[in-house]
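Asker: Okay, here's what each chain looks like letter by letter:
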Amino acid sequence: MFVGVTMLHTPLYDLHVSLGAKMVAFAGYAMPVQYPAGVLKEHLHTRAAAGLFDISHMGQVSIEGRRDAMSRLETLMPGEFLELAPGQIRYSFLLNEQGGVMDDVMVTRPAALERAETCVDLIVNAACKQEDFAHMQARLGGLKVTMRDDRALLALQGPLAAKVLARFCEAPHKLAFMQSALFDVAEAGPCLISRSGYTGEDGFEISVASDRAEKFCRALLAHSEVLPVGLGARDTLRLEAGLCLYGHDLDTMTTPVEAGLVWAIGKRRRTQGGFPGAAVVQSQLQQGAARKRVGIRPEGRALAREQTEILDAEGMKVIGIVTSGGFGPSVNGPVAMGYVATDYAKPGTRLMLRVRGNLLSASTVSMPFVAHRYATTPGVAQS
Amino acid sequence: MTLSRFTKEHEWAALESDTATCGITDYAQKALGDIVYVELPPIGKKVRQGEQVAVVESTKAASEVFAPLDGEVIAVNEALASDPGAVNRAAMSEGWFFKLKVSDSGQVSSLMDDSAYARYVQELIK
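So the protein lines, in turn, are chains F and Z.
Residues 122 to 504 in the working numbering are what the first sequence spells out, letter by letter.
Residues 13 to 138 in the working numbering are what the second sequence spells out, letter by letter.
In short, the hints are calculated from the structure, not lab data.
As the structure is a computational prediction, the values presented were derived from the model and not from experiment.
Among the clues, some could well be false.
[As the list claims (entries may be wrong)] Below 20 Å or equal to it, Euclidean Cα-Cα: the simulated DMTMM-like pairs (lysine to aspartate or glutamate) are: (1) F:Lys265 with F:Glu185; (2) F:Lys162 with Z:Asp95; (3) Z:Lys20 with Z:Glu76; (4) Z:Lys57 with Z:Asp30; (5) Z:Lys20 with Z:Asp95; (6) F:Lys143 with Z:Asp38; (7) Z:Lys20 with Z:Asp126; (8) Z:Lys113 with Z:Glu63; (9) F:Lys143 with Z:Glu135.
[Unchecked claim] Over 10 Å on every C-beta distance to chain Z, these chain F residues come out as not near it, computed from the model: (10) Gln155; (11) Gly159; (12) Pro207; (13) Asn217; (14) Gly416; (15) Ala462; (16) Arg475; (17) Pro499.
[Said to hold, decoys possible] If you want a taste of the chain F side facing chain Z, the calculated C-beta under 8 Å gives, among others: (18) Val160; (19) Gly353; (20) Thr357; (21) Arg422; (22) Arg426; (23) Gly447; (24) Arg477.
C-beta atoms are modelled at their ideal positions from N, C-alpha and C, and glycine is treated no differently.
Between the sequences and the hints, there should be enough to build the whole structure, so can you do that?
Answerer: Set out below in structure tokens:
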């Protein structure tokens, strides 16, 4: 796939190799898909204790300049950003004129008072970051759009993440889920830390200067609660949490309404519009979309992977397709998500899946497959 | 006496008279990673050498498993249904997939022996 092309390295490449990771190409980067523990152990350890992920391939973008930075950003995305308090994070999307998702992103109003009114921090997907960057630069004339490629990005996820991170900084005591601020971190210096993640667990995403990232990771890994976790388990964790993977569960042909992400479109924005594709989105909000994203539990043990055809209960009619699917280690069985014609989207609807020519029984279920355990208030859970 | 033979697709066959116990090699299980599902053939199925006979699924992908020899499936490892991880723990013993009643013992010479397979794997990881 990348033959003849130099793969990019994150600042933690040497660490991954020294830990014995199996490296694969992902969005142009050499990334660890798993460490010697393997996907199952890495997944289960994250749900039981704490997993450390390198997500430095993702784009860290800052928009700076004027007091209207947030309202300008609202012209590209359907989120309610004006209402964000300093340090508050919101999940949103860049939309195209048809209401299709160009990328799903995290939008933060900086906590620092000198930046709160005039700046926005975003985290965007690795595979989309160059296009996102060009799109925002073109559409946000007058604002300074910067890619922070001088920083690594780590995720520390799991029920013991707060306990571990509290040994390095105050962040666990100051932040609740979807809040962010700058902290002075032992072994790492000043870091922008968010209480957020992609696993359904409590956890943190930590933006650290590239040249201090490896030392900080080694310090985190020295704590017995922490295991390094690769992209393999990152994918199984987010699938069990019912979270979308861009390019699979979301793409430019899919609207937030079809994806069941209406909650991420603010009430004000639903009525007022003023974002790309607003007419399509508003019409789908009123009349319903023709297809919906659903969770799917196959019966038995066989896995239904991406691109598996979904049929009605009689196996007569193709009604959809799986967009993410595999083995859920915490569910201890197969899990999938996909898009089905809206008539079949109600949880409990019986379906068939065509796997290697055979029809397997399955049902739609509400997601997540594993309950989210976010920290609704700041602090470190006693355990 | 048991005779162990190997394919280029990383299946093994342990031959005892006309019965071949078959599975995937330790190299294969390591390359696949955590194995979470094995789809086994129905007993009585007649297979040709090189024909797909089982599927092994890891957390990452589904892989086809081919029959090392012509024959009829006379047993399958039912224990893998509830414990597919046995393939990771003991690919060459407890993690066997199926047994064939070999119909053409002449085909055995087309397979690699222990040392030939070890050299073959050495070349792959070089």
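Asker: Given the hint that lysine 20 (chain Z) pairs with aspartate 95 (chain Z), does the C-alpha gap stay at or below 20 Å?
Answerer: violated, 26 Å
Asker: For alanine 462 (chain F), is the shortest beta carbon distance to chain Z beyond 10 Å?
Answerer: holds, 27 Å
Asker: Closer than 8 Å between Cβ atoms is the bar; does glycine 447 (chain F) clear it against chain Z? Give me holds or violated.
Answerer: With Cβ-Cβ at 7 Å, under 8 Å, it holds.
Asker: Over 10 Å to the closest beta carbon of chain Z is the bar; see if glutamine 155 (chain F) clears it.
Answerer: Per Cβ check, glutamine 155 (chain F) is inside 10 Å of chain Z; nearest 6 Å; violated.
Asker: Mind verifying the non-interface call on proline 499 (chain F)? Its CB should be farther than 10 Å from each CB in chain Z.
Answerer: holds, 34 Å
Asker: Interface hint check: valine 160 (chain F), Cβ to nearest Cβ on chain Z, cutoff 8 Å. Holds or violated?
Answerer: This interface hint holds because 4 Å falls under the 8 Å limit.
Asker: Take the C-alpha atoms of lysine 20 (chain Z) and glutamate 76 (chain Z), compute the straight-line distance between them, and say whether it is at most 20 Å.
Answerer: Holds, at roughly 13 Å.
Asker: Using Cβ atoms and 10 Å as the threshold, tell me whether proline 207 (chain F) really stays out of contact range of chain Z.
Answerer: Since the minimum Cβ distance to chain Z is about 40 Å, proline 207 (chain F) lies beyond 10 Å and the statement holds.
Asker: Hint check: lysine 20 (chain Z) vs aspartate 126 (chain Z), CA-CA at most 20 Å. Holds or violated?
Answerer: Distance ~12 Å between lysine 20 (chain Z) and aspartate 126 (chain Z) Cα, so the pair holds.
Asker: Can the restraint linking lysine 57 (chain Z) and aspartate 30 (chain Z) be considered satisfied, given a maximum Cα separation of 20 Å?
Answerer: holds, 16 Å
Asker: Would you assess whether asparagine 217 (chain F), listed as outside the interface, keeps its beta-carbon beyond 10 Å of every beta-carbon in chain Z?
Answerer: holds, 32 Å
Asker: Does threonine 357 (chain F) hold up as a contact with chain Z if the rule is Cβ-Cβ below 8 Å?
Answerer: Check passed: Cβ of threonine 357 (chain F) comes within 6 Å of chain Z, closer than 8 Å.
Of the numbered hints given earlier, the model fails hints 5, 10, 11; all others are met.
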